[in-house]
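Student: What follows is the residue order along each chain.
Number of protein chains: 2
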Amino acid sequence: MLSKNKIKLIHTLERKKERDELGVFLVEGRKMVEEALGSGFEIDLLACTEEFAFNHPQLPDKTKELVVADAESIRKASLQKNPQNVLAIVRQPKARPTLFPESELVLALDFIQDPGNLGTIMRIADWFGIQTIVCSSNTVDVYNPKVIQATMGAIFRVQTHYTDLPEYLKKLDPQIPVYGAFLDGENIYAKDLSPRGVLVMGNEGNGISEEVERLVTCKISIPSFSSGKGSESLNVAVATAICCSEFKRKSY
Amino acid sequence: MLSKNKIKLIHTLERKKERDELGVFLVEGRKMVEEALGSGFEIDLLACTEEFAFNHPQLPDKTKELVVADAESIRKASLQKNPQNVLAIVRQPKARPTLFPESELVLALDFIQDPGNLGTIMRIADWFGIQTIVCSSNTVDVYNPKVIQATMGAIFRVQTHYTDLPEYLKKLDPQIPVYGAFLDGENIYAKDLSPRGVLVMGNEGNGISEEVERLVTCKISIPSFSSGKGSESLNVAVATAICCSEFKRKSY
Chain W
162 MLSKNKIKLI
172 HTLERKKERD
182 ELGVFLVEGR
192 KMVEEALGSG
202 FEIDLLACTE
212 EFAFNHPQLP
222 DKTKELVVAD
232 AESIRKASLQ
242 KNPQNVLAIV
252 RQPKARPTLF
262 PESELVLALD
272 FIQDPGNLGT
282 IMRIADWFGI
292 QTIVCSSNTV
302 DVYNPKVIQA
312 TMGAIFRVQT
322 HYTDLPEYLK
332 KLDPQIPVYG
342 AFLDGENIYA
352 KDLSPRGVLV
362 MGNEGNGISE
372 EVERLVTCKI
382 SIPSFSSGKG
392 SESLNVAVAT
402 AICCSEFKRK
412 SY
Chain X
162 MLSKNKIKLI
172 HTLERKKERD
182 ELGVFLVEGR
192 KMVEEALGSG
202 FEIDLLACTE
212 EFAFNHPQLP
222 DKTKELVVAD
232 AESIRKASLQ
242 KNPQNVLAIV
252 RQPKARPTLF
262 PESELVLALD
272 FIQDPGNLGT
282 IMRIADWFGI
292 QTIVCSSNTV
302 DVYNPKVIQA
312 TMGAIFRVQT
322 HYTDLPEYLK
332 KLDPQIPVYG
342 AFLDGENIYA
352 KDLSPRGVLV
362 MGNEGNGISE
372 EVERLVTCKI
382 SIPSFSSGKG
392 SESLNVAVAT
402 AICCSEFKRK
412 SY
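These protein sequence lines are chains W and X, in that order. Residues 162 to 413 in our numbering are what the first sequence spells out, letter by letter. Residues 162 to 413 in our numbering are what the second sequence spells out, letter by letter.
No false leads were mixed into what you were given.
Note that the list lumps identical chains together, so a pair holds whenever it fits in one copy or between two copies.
Derived pair list, reagent style DSS-like, types lysine-lysine, alpha-carbon separation capped at 27 angstroms:
| no. | residue 1 | residue 2 |
| --- | --- | --- |
| 1 | 307 | 242 |
| 2 | 242 | 178 |
| 3 | 169 | 192 |
| 4 | 167 | 178 |
| 5 | 255 | 178 |
| 6 | 390 | 411 |
| 7 | 223 | 167 |
| 8 | 307 | 223 |
| 9 | 352 | 411 |
| 10 | 223 | 237 |
| 11 | 165 | 237 |
| 12 | 177 | 237 |
| 13 | 223 | 169 |
| 14 | 307 | 390 |
| 15 | 192 | 390 |
| 16 | 225 | 237 |
| 17 | 255 | 390 |
| 18 | 225 | 192 |
| 19 | 242 | 177 |
| 20 | 223 | 390 |
| 21 | 411 | 380 |
| 22 | 225 | 390 |
In short, the hints are calculated from the structure, not lab data.
In isolation and in its complexed conformation, chain W is listed as follows (with noise of 0.2 angstroms):
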């Protein structure tokens, strides 16, 4: 059974305060708890049915404590509208320095509000074997449960460090180019692009700051197609994908 202080314990893990005192996160879900069983992350706790358990017998092995329980108290316990009979929590991996490219193709997101397109970006990155994402200090938190959800399991394969983003950008070897997004850059599709680089994606409403735009030695649009009046912009998400799309596709 999940005790009652367990339960208050995994709901203080809402609050990013809470979750950077602890130093860990919440996962849940089998396909989130399966990955991380199998991510090399440290596991504290991870509570689940008695058939999630029948299922994966090694558990016991692999995470610090482990609670069968009913499915009603991981309910109780659960952060989801949907809760799953599994979850976990998590230790964050130590902080390590924020990352310069050295060969490859770093993101950077300058004040992203939405935790579904944070993780949405994350597994966008994934997928095109993008490693390194720095987030301006003022992004969503990456361990927020609603982040983590939407990753689908890239939170464990692609690291987010947060810091000052025009620092970071100004620390750059002069040589790297430092893409950015913008409504009126140049075409994305007729532009060589550089392997090695920043790509820099902003804000949901407000796009890149000030601030990061005078460092953007390369401004970047997807074109529009539309004939006559169509969407005034993409989803952040979405237009992530079309850059590292092309990205990728021009250093095949």
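Position chain X against the provided structure of chain W, taking the given hints into account.
Tutor: Leaving out everything else, chain X in the frame of chain W:
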């Protein structure tokens, strides 16, 4: 003021049965209502605060009924989590015959279940100048309020047709290629893509159904660039965006 009966009526529009019986759908928020006003769609009822009415002086000419109400009663009527100060009941356009591609790309959706995905796909289609989406009969209803809000206005520009998708594909001119997005298709980057054709995107969990798969003449894939174990798939809206981008880039 919004009468209790009007609020009740608006609440019934959450359900497909009532929307179809009345032949209407609900749009909410400044951006969406302004798109409706500029679209030529008929508006049965527009309810807004005094401030909105003041800023839109031509409102009485553009709606059959205008109700200026307090924010609280609009909040009560709203189907959204974060209600804004305006909503409108808009007439569904008359059903038109399902279109076959003349010289353009038509998007076909096989059992898209998530309203956010359908709305995002319509926004992507709008951006890329795709005017027709053919939906399998089991695809989520386009007039679902969550779909409407996710389209960001594309609902007023992109035509959707619900039909038996295998029957539609069987009736196509055999000259017209039917592309389908699969995990094991040909590399989309390396493939010649016809500007005239149908592009089928499949269900979130199960992909394209077997019956539709048999009617696909060219399987395509977005290659993964992940080394080792990466994400197993992309979100369907993200995959649609990348595919549409490739089709349009190649006919640029």
